[in-house]
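Same order as they appear, the protein sequences are chains C and E.
For the first sequence, numbering that gives the first Met the number 0 gives the first residue as 0, with consecutive numbering after it.
For the second sequence, numbering that gives the first Met the number 0 gives the first residue as 0, with consecutive numbering after it.
Hints are computed from structural coordinates only; laboratory data are not their basis.
Any given hint could be a false lead.
[To be verified] In silico DSS-like links for lysine-lysine, alpha-carbon gap of 25 Å or less:
#1 Lys84/E to Lys204/E
#2 Lys52/C to Lys10/E
#3 Lys48/C to Lys247/E
#4 Lys340/E to Lys52/C
#5 Lys84/E to Lys10/E
#6 Lys279/E to Lys52/C
#7 Lys35/C to Lys290/E
#8 Lys52/C to Lys126/C
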Amino acid sequence: MSEFEPKIVSFFCNWCTFTAADLAGTSRLSYPSNIKIIRVMCSGMVDPKYVLKAFLNGADGVLIGGCWPGDCHYINGNLKARRRVALLTEMLSQYGIGPERLWLRWIAASEGTMLKEVAEEMTEKLKELGPSPLNKTKNAVVA
Amino acid sequence: MSKYIQLAYTKGELNTQLSELFASMLENKAVDAILAPMTQPKKGVMQTLVTSKDNVKEIDPFAPVMPVNSAKIASSLTTSPSGKKIAMVLRSCEVRALVELVKLKQADLDDVVLIGIDCLGRYENTDFLKFQAKEGTSESFLENAMAGKTEGDGFDVAGACKVCEYPVAPNVDINLCAIGSGSGSLFIEALTEKGEEVLSAAGAKFVNGPSGRQDAVGKIAKERSEARNALFESYRSETGSFDALDDKLAACINCYNCRVACPVCYCKECVFVTDTFRHKGEQFIGWADNKGSLRMPTDTSFYHLTRITHMAAFCVGCGQCTSACPNDIDVMPIFRTSAQKIQDRFEYLAGRSVDEPQPLSVFDSDELMEVTGQVK
Numbered sequence: 000m001s002e003f004e005p006k007i008v009s010f011f012c013n014w015c016t017f018t019a020a021d022l023a024g025t026s027r028l029s030y031p032s033n034i035k036i037i038r039v040m041c042s043g044m045v046d047p048k049y050v051l052k053a054f055l056n057g058a059d060g061v062l063i064g065g066c067w068p069g070d071c072h073y074i075n076g077n078l079k080a081r082r083r084v085a086l087l088t089e090m091l092s093q094y095g096i097g098p099e100r101l102w103l104r105w106i107a108a109s110e111g112t113m114l115k116e117v118a119e120e121m122t123e124k125l126k127e128l129g130p131s132p133l134n135k136t137k138n139a140v141v142a
Numbered sequence: 000m001s002k003y004i005q006l007a008y009t010k011g012e013l014n015t016q017l018s019e020l021f022a023s024m025l026e027n028k029a030v031d032a033i034l035a036p037m038t039q040p041k042k043g044v045m046q047t048l049v050t051s052k053d054n055v056k057e058i059d060p061f062a063p064v065m066p067v068n069s070a071k072i073a074s075s076l077t078t079s080p081s082g083k084k085i086a087m088v089l090r091s092c093e094v095r096a097l098v099e100l101v102k103l104k105q106a107d108l109d110d111v112v113l114i115g116i117d118c119l120g121r122y123e124n125t126d127f128l129k130f131q132a133k134e135g136t137s138e139s140f141l142e143n144a145m146a147g148k149t150e151g152d153g154f155d156v157a158g159a160c161k162v163c164e165y166p167v168a169p170n171v172d173i174n175l176c177a178i179g180s181g182s183g184s185l186f187i188e189a190l191t192e193k194g195e196e197v198l199s200a201a202g203a204k205f206v207n208g209p210s211g212r213q214d215a216v217g218k219i220a221k222e223r224s225e226a227r228n229a230l231f232e233s234y235r236s237e238t239g240s241f242d243a244l245d246d247k248l249a250a251c252i253n254c255y256n257c258r259v260a261c262p263v264c265y266c267k268e269c270v271f272v273t274d275t276f277r278h279k280g281e282q283f284i285g286w287a288d289n290k291g292s293l294r295m296p297t298d299t300s301f302y303h304l305t306r307i308t309h310m311a312a313f314c315v316g317c318g319q320c321t322s323a324c325p326n327d328i329d330v331m332p333i334f335r336t337s338a339q340k341i342q343d344r345f346e347y348l349a350g351r352s353v354d355e356p357q358p359l360s361v362f363d364s365d366e367l368m369e370v371t372g373q374v375k
């Protein structure tokens, strides 16, 4: 049986983390393809529904990437994202999706290397952790 | 410092005495209108808006029923202000929900005199009719409930009430104190200047407060807190996974009654009735194709979890969600358990204070560092 490959739905902010992913690419740094990137204008526009939908549809992890505090293109969207992630974590932990599956990371536009490291680290952690509990159930796609 | 007046009543006279007090509030122009639970001509007890002193005779604040959480009624009366001063007689959970609506700018307390009642629980609407049919009255309920007996013939107070740690409403101007007031006696407490003015204008004479009240309230709050902790623990051990949550919600038909009944579900238009969730036929077929089958209606736990992300920070535990469920799903613990964790995380307590900002309306650059675990 082939090794478990986690699916990580990633919401990257256009100005920092997505640009970092771009930089990683142009710098020829390779990072795991487990990271499936969705570009958003700001981490602050990641509605909790997006995260829920990802998990309910079988994502093994969700990674939200935003600018460092103080660097947000929209001044404070990233700080709002942090509060929402804290809220989501409190709720999801009860149902078996712990904070180890929902990550928020600050990755600046210049931090292509950090993007690679975070992608590798999260992929590795999720491989250890195994598939999302929602992936094992037959109705995972619906819920 | 609180001031008290005492109403001594003989059997069957509690509501008469209260109606005289409220009538004099209207007569002396202490307030222009009163919103209070009143006996209806046909049956039941409902919140009723009264502007004439001749129409307060049917007042029944302690009737053990809460047809709707009146925070929503208070919202509709005050978001577009009438310019009239309204006294509102509300339960603890109604007041606390109203405080949250004020912060959401969906209600305004400027022209409102908040009158809380000591709450010993409420029956479900249909159970209350059974209670009335068996000659149950507010006085008999208070007397029995104070002795710890709330059970009727095959029914009891709502599950939410059994685990409600707030028998007394915070943030009110006046409180109708039944707990620890002694048999045949009711104390009316003025907690704010506004409350004192209204009572003085109604011709009240202030006396010393009831001596054993604090202990009696504390005892009830403690018992209910323990019951709450036990409920949370058993709910949490039963539902450690999404599968278990789906089991709880197995009978859910996406009617959305729980959010209609919820006093703090604040969106003007719920996203679940917008085009976002009006999927195309081919989408449904695609989802069914993915796993071979698709439960219809779809998005059931998605809906409940989204509702938690919206309202759990403000959940006051009134239990109207469970009461509103046509399929008898006890949804209250789903919302309350998450609410407790979320409110704890943000050191917030729904209904505690009008001045305390709601968790998702503020943020700070030096907080919640553990979320990312990164330090620059």
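Status of the hints after comparison with the structure:
{"no.": "1", "hint": "Lys84/E to Lys204/E", "verdict": "holds (22 Å)"}
{"no.": "2", "hint": "Lys52/C to Lys10/E", "verdict": "violated (58 Å)"}
{"no.": "3", "hint": "Lys48/C to Lys247/E", "verdict": "holds (21 Å)"}
{"no.": "4", "hint": "Lys340/E to Lys52/C", "verdict": "holds (22 Å)"}
{"no.": "5", "hint": "Lys84/E to Lys10/E", "verdict": "violated (32 Å)"}
{"no.": "6", "hint": "Lys279/E to Lys52/C", "verdict": "holds (17 Å)"}
{"no.": "7", "hint": "Lys35/C to Lys290/E", "verdict": "holds (21 Å)"}
{"no.": "8", "hint": "Lys52/C to Lys126/C", "verdict": "holds (21 Å)"}
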